[in-house]
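Chains A and B supply the protein sequences, listed in that same order.
When we follow the working numbering, the leftmost residue of the first sequence carries the number 568, and every step to the right adds one.
When we follow the working numbering, the leftmost residue of the second sequence carries the number 4, and every step to the right adds one.
The set of hints was computed from the structure by calculation and includes no laboratory data.
Computed from a predicted model, the values in this text were never measured in an experiment.
It cannot be assumed that every hint is accurate.
What follows is a list of derived Cβ distance ranges for each label pair [what the hints assert, rightly or not]:
#: 1; chain 1: A; residue 1: A597; chain 2: B; residue 2: W203; range: 26 to 34 Å
#: 2; chain 1: B; residue 1: Q94; chain 2: A; residue 2: Q599; range: 22 to 30 Å
#: 3; chain 1: A; residue 1: R721; chain 2: B; residue 2: Q94; range: 20 to 28 Å
#: 4; chain 1: B; residue 1: Q94; chain 2: A; residue 2: G846; range: 21 to 29 Å
Note that the Cβ used here is the ideal one computed from N, Cα and C, for glycine as well.
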Amino acid sequence: MDSIDLQGVTKTYRMGVGRARVREMMPWPADQALQRLFPTWWWRDTFNALEEVSLSIPSGSAVGMVGHNGAGKTTLLKVLAGVTAPTSGTFAVQGRIAALIDALVGFHPDLTGRENVFLLASMHGVSRRRIAPRVDDILEFAEIREMADTQVKRYSAGMSARLGFGVITALEPEILLVDEVLAVGDAAFQRKCISWLDEYRSSGGTLLFVSHNLALVRHMTKRVIWLDHGKVVADGATDSTLAEYARAMERRESTNLTRSRRDVRKELAASSAERWGAGGARVEEVHIEERPGEGVEIAISFSTEDPAHEDVVCCVGFVDESGREIGAAASPPLVFTEGGGFVRCSIDPLPFRSGIYFPIVAIMSSDGLIRDRWRVDRAVVVNGQATTLSDFGPVDIRAAWSGERAKESENGDGHG
Amino acid sequence: MIRRVWGYRDLLVSLARRNYQLRYRQSFAGFFWAILPPVASVAVATFVFDKVAKIDTGPVPYPLFAFAALAPWTFFTNSLTQATGTVVTAQSTMSRLAFPRAVLPLAMCATVLTDLAIACATFAAYAYLSGAGLPLTALLFPVLLLVEVVLTVGLVLLVSALNVFVRDVRLAVPFGVQALLFVTPVMYPLSSVPESLVPWVRVNPMTGLVESFRLVLIEGRVPNLQLLAPALIGAAAAIVIGSWYFSATEQRFVDVV
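Given the sequences, and given the hints that come with them, work out the whole structure.
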């Protein structure tokens, strides 16, 4: 069964501001008549945010959506959420739907966090009675217990974003539309949201996930829809679609001179496919395999320009969601055949606490000059148990302890 | 439309409650502001029309005379002036959530209705304290109020929807209701209107309502159908046209505001 089904959906917006909207104010059937009689006048100054979009999403599947700014992603979500009606075409949504269009979710600044929870729930059509028993859970999830009775206008952006997500978790949606909400909030909360979304997916929820963070899209989904100028450009398996999308973004950078290079850089950085280095050697291919026991095996092939010149050292490091460098492992000086080589790195187990980590593969000369450093567009997810040390940073230090052991009953965590 | 709004009745209550909470939040006198405006306007009206202009209201004390009409009248005008802009103001909420838009102006009407309840309690207290008491016909008050609410809600739906497309509405409404106050027998009795103008004054649906409120609350008489006919017809027309236009255009609100 399909949760979402769109047939030829077009959404037309009118440009320009300031004047009274005579065309829009015409009720049916006057609008149809005017449209037919004066088509040029009626369609003047319009553009299509969505053009003939047809797609269906089976229930229980997770689908990603990518596209540059203005591609129509948010408009599509708004149509599905019932916020705005399509200009033409039909769509059907089967099941309870909830949408996080953006981090601001429609809170009222003068109401307290707690009052906003009730208000927001009722805007989703969930009654006071049904949400009341869950309010504490929501505040707990959003980590704003102490601020619950403070007006939302005094909240930080991160706090309202957390509260917005918290309310969604309590609505028990069957279809969830998420638009770039994980961009706000700190790394710890993002991790919490991601693991909630993981649980949501595995319990059979349908997810449509919009993000510029391609690593996250890859983690969340098996299928990706690529929108461009309101049209579906590609719709297929996550890996191939994202690869195609990333290539197109690079092409855009080299051809589109009207756009500032910094903007494009930013987008590329957000796609986490950063790469830099002094040159002379190059990482050609990286294959990452996650093993069930929390370990990873990374296979790297690389090339060098001048085989006889110097030894190279291969390096595998990790950064977290916020781009902070966490740690790295370096290979011994490597032997290579003509023009390149192949090396396999096994880290088992990964010495990290629960979270998402992005591997970096680098080729360096033995004196430490970075020849090529590549932030691989692929996330490694560690799902360890929560420990009492979760506030102590991402590295899980394995230590041997000696001393008198506490009695069984007092033995709390036992970790370490 | 009624069924959709009914499904979101919790939201309606939440919004009405929010309006109330917000009105008195961070204010000093707080809830006192709910009682002050009707009392103050009656006091001012008494000064102007009773003491200065010396309008003849028969045996009825002027404050009671004014209060009985001014309270329902205030519901009518405040609903219109305060609810007209609610759809436009809720732009950011509308662009993210898909609730029935009619909840927005209706919640404001509900808030204003609560004000009326407080004013009525004040009126009842005053009537008993002044020794006049309330006649048995006061039991008809809810029926008259229902007619007034239907009329008001119909107009509010129409006006708040039109305001989304043509913002002149928001500017014209306060002016309109103010003008209407002077041609409706709120501060003066219908009997003091010159004979030749009475038919014109009577066409106004609010005339029949205001006069009827006074009949049932003070004089203990049941209003006849002839007096109320314009109000009944007006209410029916307003609710049909208002809800039709609102539901015909509400899907476009978010794209236009």
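Do A/R721 and B/Q94 keep their Cβ atoms within the hinted range of 20 to 28 Å? holds (23 Å)
Could you see if the CB distance from B/Q94 to A/G846 stays within 21 to 29 Å? violated (52 Å)
Check the following: the C-beta atoms of B/Q94 and A/Q599 are separated by a distance inside 22 to 30 Å. holds (27 Å)
Honestly, do A/A597 and B/W203 meet the 26 to 34 Å range at C-beta? Distance hint for A/A597, B/W203 holds at roughly 32 Å.
Of the numbered hints given earlier, the model fails hint 4 alone.
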